[in-house]
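Asker: Protein chains in written order, with my numbering: chain B, 1 to 86; chain P, 87 to 287; chain W, 288 to 537.
Don't read these hints as lab results, they were simulated from the structure. As the structure is a prediction and not an experimental result, all values here were calculated from the model. Ideal Cβ placement from N, Cα and C applies to all residues, glycine included. Keep in mind that the hints are not guaranteed to be accurate.
Short, incomplete list of chain P residues facing chain W, as computed with Cβ under 8 Å [as the list claims (entries may be wrong)]:
no., residue
1, Thr90
2, Arg92
3, Phe152
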Amino acid sequence: MTDAAYVDGSALGGLLIEVFGREMTDAHGCCASCGTVNPLGAMRVYRGAGDVMRCPTCGNVTIVTVVVQERTRVHLGGVRWIEPVA
Amino acid sequence: MSFTSRGFQRRQAPAAPSDRVPPGQYVTRDFPVLSAGPTPRIELAEWRLELIDQADRARSWSWQEFTALPTEEITADIHCVTKWSKLDTAWTGVPVDALLDGVETHARFVVAHSYGGYTTNLPLDDVVGGKAWVAYRYAGEPLEPEHGGPARLLVPHLYFWKSAKWLHSLELRADDEPGFWEGYGYHNYGDPWREQRYSGD
Amino acid sequence: MARAAVLRRLSWTVAEVVDRADETPRVRSLTLDVPDWPGHLPGQHLDVRLTAEDGYQAQRSYSIATPVDGNRVTITVERLDDGEVSPYLTDVLVIGDRMELRGPIGGYFVWEPDRGGPLLLIAGGSGIAPLMAMLRELVRARSSVPVRMLLSWRTGEDVIYADELNTIARDATGVEIAHTFTRSAPSGWTGRTGRLDRDALAALAWTPSERPLAYVCGPTGLVEAVASTLVELGHDPARVLTERFGPTGG
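Just need the whole structure built from these sequences, with the hints factored in.
Answerer: Here it is in structure tokens:
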């Protein structure tokens, strides 16, 4: 399954700082599907109606961001946890 | 006064009569590729289109069977919730009416399932009566994988996220079930002319 | 200093174009003066936002190509023919113009000498920009981290920072730079041609037992192919970092 359609987690870097108030691409996220831990910057981002971040190990959705009229909602249902660096 | 960039303007949009451009949209000559996940690659020998009526598999077509069905040539304007519209797009597809021909159902809703896991939901009324097709050619060529090939749902009167790419099955249901983007806050119906982008619009 | 910077609130700020340099016929470097710039780490990027008179906005991300230099940051932009933002940056902006940006952004695809190495920097085309910030910082800091830099270009005309790369390769001990050309090589070129495939990477990169820290940046196809090949060759996936902003950029 070739896949040229994604960008790296860094592409959401600015948006994540807006929401979390700090740099998040080096934060670690635990995929709720497979349990693998990866930095958010290493996750794959697909740009659709909103942005869909997927686990680079299993491909399942980890985080989805939707921007509605200047408000940003971050759906975190695909991660068990996120841990920013100290 | 907020900042403006000297000399910057959006790319020249093709002229379009305003009655063809829904509110908040701009016309493009491109065909942007948007996706919620990787492009599935499906071997035609393994491809199936299924019609599921309330949990029972009512019908199934192989690629050969499906492409032997009578088709229509469709010219339609399409509107993406990310604000681009593309006018006079040309497709070849099988009307959903033909796929449902002879199927007796009490279903009022349909969920389109794509290879790769994407879903979207619509009222059954919105895919019958000449309003929807399963399209497999675009601009005279076989539909490219990045645009949904081998075959995609085509429902031009709604925002284009409802036109599920890489279509695998149409599930007829008595009750509604939000699909992928609907579950993330996009509008359950999605009429571009009423600018129904997000739930609550 | 820069670590504290990444914890600050991110807001749009207006910067002034203070320098403009032609790198190749399609690539320009723009140097911006950003008031109160908090500093940045090599590999970080900034977001640029353009606003038209009618309120239409377009936003793109660009890697910072230079290490920290007071209020000055440089981005290197390739003009994409059907792009919306890149032609504006390369062809319309002049010295004295102002531009909205925010940054620095990024904590994953960053390198500073403390992170060690050996360093493996691999880029295709304008993907070299963040790696150039890393290389320039390494040279400025006189770091002893050894570097192998592998660069893939379409033609000889596409080489960005050509003179500077030659100077660094010549003068900095511990820095090796290899180029390959995929479409047509410069006349008289006796070096490598063709893609950075498995054979090329096996020949040019550090070995897995040397445990390099690899940064790969460029078009999606190249980054995907190189990253997966490095892992196939035995490199630790956690030490192969990739960055791509988009297949089309714009």
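Asker: Now tell me if each hint is right for this structure.
Answerer: Here is what the structure says about each hint:
1. Thr90: Hint holds; Thr90/P Cβ to chain W Cβ min 5 Å, cut 8 Å.
2. Arg92: OK, holds: Arg92/P within 8 Å of chain W, min 6 Å.
3. Phe152: 30 Å, violated
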